[in-house]
Amino acid sequence: MNEILFPALSIGAIALFFGALLAFASVVFSVKTDEREEKIAEILPGANCGGCGYAGCSAFAKGIVADGAQISRCNLMTDEKLSAIAEIMGVQAGKRVKKVAHVSCVGSCAVAKSKYEYYGTNDCVTASQLGGGPKECSYGCLGLGSCAEKCIYGAITVSDGVAFVDRAKCVGCGACADICPKGLIKLVEDKPCAFVNCNSADKGAVVRNVCDVGCFGCKICEKKCEFDAIHVENNLAKVDTDKCTACGVCVEACPRKIIKIK
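Residue numbers are given in my numbering: position 134 of the sequence shown equals residue 134, and the series is strictly consecutive.
Calculated from the structure, these hints are not laboratory results. None of the values given here were measured: they were computed from a predicted structure. If a hint is listed, it holds; no wrong ones were tucked in.
As a list, the in silico BS3-like pairs of lysine-lysine whose alpha-carbon atoms are at most 30 Å apart:
{"#": "1", "residue 1": "Lys182", "residue 2": "Lys150"}
{"#": "2", "residue 1": "Lys98", "residue 2": "Lys81"}
{"#": "3", "residue 1": "Lys203", "residue 2": "Lys262"}
{"#": "4", "residue 1": "Lys39", "residue 2": "Lys169"}
{"#": "5", "residue 1": "Lys203", "residue 2": "Lys238"}
{"#": "6", "residue 1": "Lys169", "residue 2": "Lys81"}
{"#": "7", "residue 1": "Lys186", "residue 2": "Lys219"}
{"#": "8", "residue 1": "Lys115", "residue 2": "Lys182"}
{"#": "9", "residue 1": "Lys238", "residue 2": "Lys182"}
{"#": "10", "residue 1": "Lys223", "residue 2": "Lys99"}
{"#": "11", "residue 1": "Lys39", "residue 2": "Lys95"}
{"#": "12", "residue 1": "Lys243", "residue 2": "Lys224"}
{"#": "13", "residue 1": "Lys191", "residue 2": "Lys219"}
{"#": "14", "residue 1": "Lys113", "residue 2": "Lys186"}
{"#": "15", "residue 1": "Lys243", "residue 2": "Lys99"}
{"#": "16", "residue 1": "Lys98", "residue 2": "Lys243"}
{"#": "17", "residue 1": "Lys98", "residue 2": "Lys191"}
{"#": "18", "residue 1": "Lys98", "residue 2": "Lys186"}
{"#": "19", "residue 1": "Lys238", "residue 2": "Lys223"}
{"#": "20", "residue 1": "Lys257", "residue 2": "Lys182"}
{"#": "21", "residue 1": "Lys113", "residue 2": "Lys150"}
{"#": "22", "residue 1": "Lys238", "residue 2": "Lys191"}
{"#": "23", "residue 1": "Lys99", "residue 2": "Lys238"}
{"#": "24", "residue 1": "Lys260", "residue 2": "Lys95"}
{"#": "25", "residue 1": "Lys186", "residue 2": "Lys81"}
{"#": "26", "residue 1": "Lys224", "residue 2": "Lys203"}
{"#": "27", "residue 1": "Lys203", "residue 2": "Lys115"}
{"#": "28", "residue 1": "Lys257", "residue 2": "Lys99"}
{"#": "29", "residue 1": "Lys150", "residue 2": "Lys98"}
Required output: the full structure, derived from the provided sequences and hints.
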């Protein structure tokens with residue numbers, strides 16, 4: 001009987017000792033969580049989209065409290081939620097600027113030349129590793145829908161080899177911009193403004209040879225703009241959204257008809 005009872009008691013005593021040791025360690029080495037983090041996390045939308053630059057809403061809440069991250073970085077928050085978080089932190093809410101995604105390319109299959117037929121998976125990242133992708137233009141949209149698949153809000157569709165954004169559905173989370181291997185999706189302010197729907201930095205002669213609608217840096221738009229809002233840099237026309245009045249003069253002047261007011 002003792003041969004069974006003694007080992008059992010010994011094991012029980014050891015388990016009790018280590019249990020007490022773990023309980024003591026959990027108290028001594030515990031990391032206190034600021035209660036503001038939990039309150040803020042409850043207010044945040046919980047989408048965990050990463051558009052704020054943090055891994056998720058909980059990480060963003062911690063960033064607000066510990067790192068002083070701007071609370072307006074979340075594009076999904078309403079003004080009411082923004083004010084609620086500002087009150088918790090004891091700061092000014094600031095101005096919330098809504099942003100949406102914009103695809104700087106209209107090089108569809110009908111106007112952009114291809115250098116080979118692609119039969120791989122419908123993934124832009126994979127295709128871009130095969131000589132930059134099937135399109136002759138090394139800057140153009142590959143149109144395989146990685147951005148559309150990444151968008152949990154259904155704001156992106158792909159038609160004829162080019163991605164399009166439905167601004168009414170877009171929340172500006174930035175997930176599509178992060179996945180695009182060409183870097184041609186950008187977050188822009190949701191306001192009327194001129195946009196150059198091209199991403200190419202190639203010289204005009206190269207652009208003309210690979211795409212019928214690509215910007216070749218003619219500078220006509222730059223000369224026509226009365227507000228100094230558009231300039232050709234690195235062979236590509238670019239709009240200063242702070243100066244642009246959405247007058248539409250550059251839209252009419254563009255010989256390629258790739259500048260649009262959105």
